[in-house]
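With chain C's structure known, arrange chain B on it following the hints.
Protein chains in written order, with this note's numbering: chain C, 2 to 232; chain B, 2 to 232.
Watch out, some of these pointers could steer you wrong.
Chain copies aren't distinguished; within one or between two, either way the pair holds.
[What the hints assert, rightly or not] Restricting the straight-line Cα-Cα distance to at most 25 Å, the calculated cross-link-like pairs of lysine-lysine (PhoX-like) are:
1. Lys134 - Lys208
2. Lys113 - Lys134
3. Lys208 - Lys6
4. Lys6 - Lys94
Because the hints were derived from the structure by calculation, they are not lab data.
Letter by letter, the chains look like this.
2 protein chains.
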Amino acid sequence: MHTVKVLAFDVFGTVVDWHTSVARAVQAVCPGVDGNAFALAWRDGYKPAMQRVMSGELGWTLIDDLHRMILVDVLRAFNVTHLSDEQIGHLNKVWHRLTPWPDTVAGLTRLKARFTICTLSNGNLGLLADMAKFAGLPWDCILSAEVFRKYKPDPATYLGVARVFDVQPSQVMLVAAHQDDLAGARACGLRTAYIERPLEYGPTRAKDVSDNGLNDVHAKDLVELATLLGA
Amino acid sequence: MHTVKVLAFDVFGTVVDWHTSVARAVQAVCPGVDGNAFALAWRDGYKPAMQRVMSGELGWTLIDDLHRMILVDVLRAFNVTHLSDEQIGHLNKVWHRLTPWPDTVAGLTRLKARFTICTLSNGNLGLLADMAKFAGLPWDCILSAEVFRKYKPDPATYLGVARVFDVQPSQVMLVAAHQDDLAGARACGLRTAYIERPLEYGPTRAKDVSDNGLNDVHAKDLVELATLLGA
Numbered sequence: 002m003h004t005v006k007v008l009a010f011d012v013f014g015t016v017v018d019w020h021t022s023v024a025r026a027v028q029a030v031c032p033g034v035d036g037n038a039f040a041l042a043w044r045d046g047y048k049p050a051m052q053r054v055m056s057g058e059l060g061w062t063l064i065d066d067l068h069r070m071i072l073v074d075v076l077r078a079f080n081v082t083h084l085s086d087e088q089i090g091h092l093n094k095v096w097h098r099l100t101p102w103p104d105t106v107a108g109l110t111r112l113k114a115r116f117t118i119c120t121l122s123n124g125n126l127g128l129l130a131d132m133a134k135f136a137g138l139p140w141d142c143i144l145s146a147e148v149f150r151k152y153k154p155d156p157a158t159y160l161g162v163a164r165v166f167d168v169q170p171s172q173v174m175l176v177a178a179h180q181d182d183l184a185g186a187r188a189c190g191l192r193t194a195y196i197e198r199p200l201e202y203g204p205t206r207a208k209d210v211s212d213n214g215l216n217d218v219h220a221k222d223l224v225e226l227a228t229l230l231g232a
Numbered sequence: 002m003h004t005v006k007v008l009a010f011d012v013f014g015t016v017v018d019w020h021t022s023v024a025r026a027v028q029a030v031c032p033g034v035d036g037n038a039f040a041l042a043w044r045d046g047y048k049p050a051m052q053r054v055m056s057g058e059l060g061w062t063l064i065d066d067l068h069r070m071i072l073v074d075v076l077r078a079f080n081v082t083h084l085s086d087e088q089i090g091h092l093n094k095v096w097h098r099l100t101p102w103p104d105t106v107a108g109l110t111r112l113k114a115r116f117t118i119c120t121l122s123n124g125n126l127g128l129l130a131d132m133a134k135f136a137g138l139p140w141d142c143i144l145s146a147e148v149f150r151k152y153k154p155d156p157a158t159y160l161g162v163a164r165v166f167d168v169q170p171s172q173v174m175l176v177a178a179h180q181d182d183l184a185g186a187r188a189c190g191l192r193t194a195y196i197e198r199p200l201e202y203g204p205t206r207a208k209d210v211s212d213n214g215l216n217d218v219h220a221k222d223l224v225e226l227a228t229l230l231g232a
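Chain C extracted, bound-state conformation (with noise of 0.2 Å):
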């Protein structure tokens, strides 16, 4: 672990907390509208969305582009139809302002001064760059699927990391709350770091943030990960 020179991020649940931030925006604008629920369902639609692309049937798309053709989905799954145009778009954009876990800024602080600190998020390059200037996230560079034109798991954004930086992928260790993600990077023998985040979900969806033993380091948060990497 002491070649490790880059810290690859997962974003949405590992570094920002997706679920509070998109319900507050919905019932904002949604007042009777369950915003836990429509925050899950909106997520829920993510994955299968993205499988689209990967599939082929769609061709590449921006996760902005994804996030807004599901929320007319969920949208209309929540019976919500007094939205313009306009304010769909606005909240379309709530990916783009979320906020941090309170441990985010204080350990990724710490962390850059040791490590090269980079996202490699799903999320597209300009969705990650009003996210970092909005809450405060100290990058040192913005890696995004849409550099790399894969979606994770795909092995070339795992690898890319590694080839951006001309390390080796032994030399990158990927941050993440989320096991298939970390499994997908260990395949490509990248280090992997497991965060736990059990409130990812809110509070109705229980997470299993146990440790499986299959990472290089399990920590409950950014600042805890920061001291175990002695940053």
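Quick look at chain B alone, frame taken from chain C:
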């Protein structure tokens, strides 16, 4: 100009002083060599090398690799034969360790408070990220020819910035110390700001930094640019 949201910066020469940094690094490892002439020769190889990629003679090649190809030729031309492969590799990465102009960090910091600030450089992502960390450049996002797989002045690069941030080309301003780069941006509908940098090529090669009247802004340096843009 009140509608500009994104400032995209050329980097080599505009933001950092490549000439001084490269000349010093060369003289440190090759004491008998004229660092000034070596730096100019290395940089002079840059456009012809990119041209070989743009013409299709070479496949897509990162600037790090083009820099190395040129460096090998320049070392031969200057009769430098004592460097190991590892020393050549380290010297090649001097482009990751360029020093900012004295006004750069202060100017960017002011501009960042009002605009989204990003790079738009032919330099590769890893080079630009290393440089930002080394020099303390507070980019909101690092964009590169590597993202668009075209070098400036290909329109795909200028229009790519607008696409990434989901804005109109006229809401992006290219900031550069080179009129040809600015002309390319202008042809795509971007706003443009010229920065003088009279010492870009060192003490022996003069640079015409006069106002050609074609750019929206003409500034001595990035602090003056911040003032002119009300940042």
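These are the hints, each one checked on the structure:
1. Lys134 - Lys208: Result: close neither inside a copy nor across copies, 29 Å intra and 36 Å inter.
2. Lys113 - Lys134: Classified as both; 16 Å inside a copy, 9 Å across copies.
3. Lys208 - Lys6: neither (30 Å within a copy, 40 Å between copies)
4. Lys6 - Lys94: So Lys6 and Lys94 pass the 25 Å test across copies only (16 Å; inside, 33 Å).
Hint compliance for this structure: hints 1 and 3 are not met, and every other hint is.
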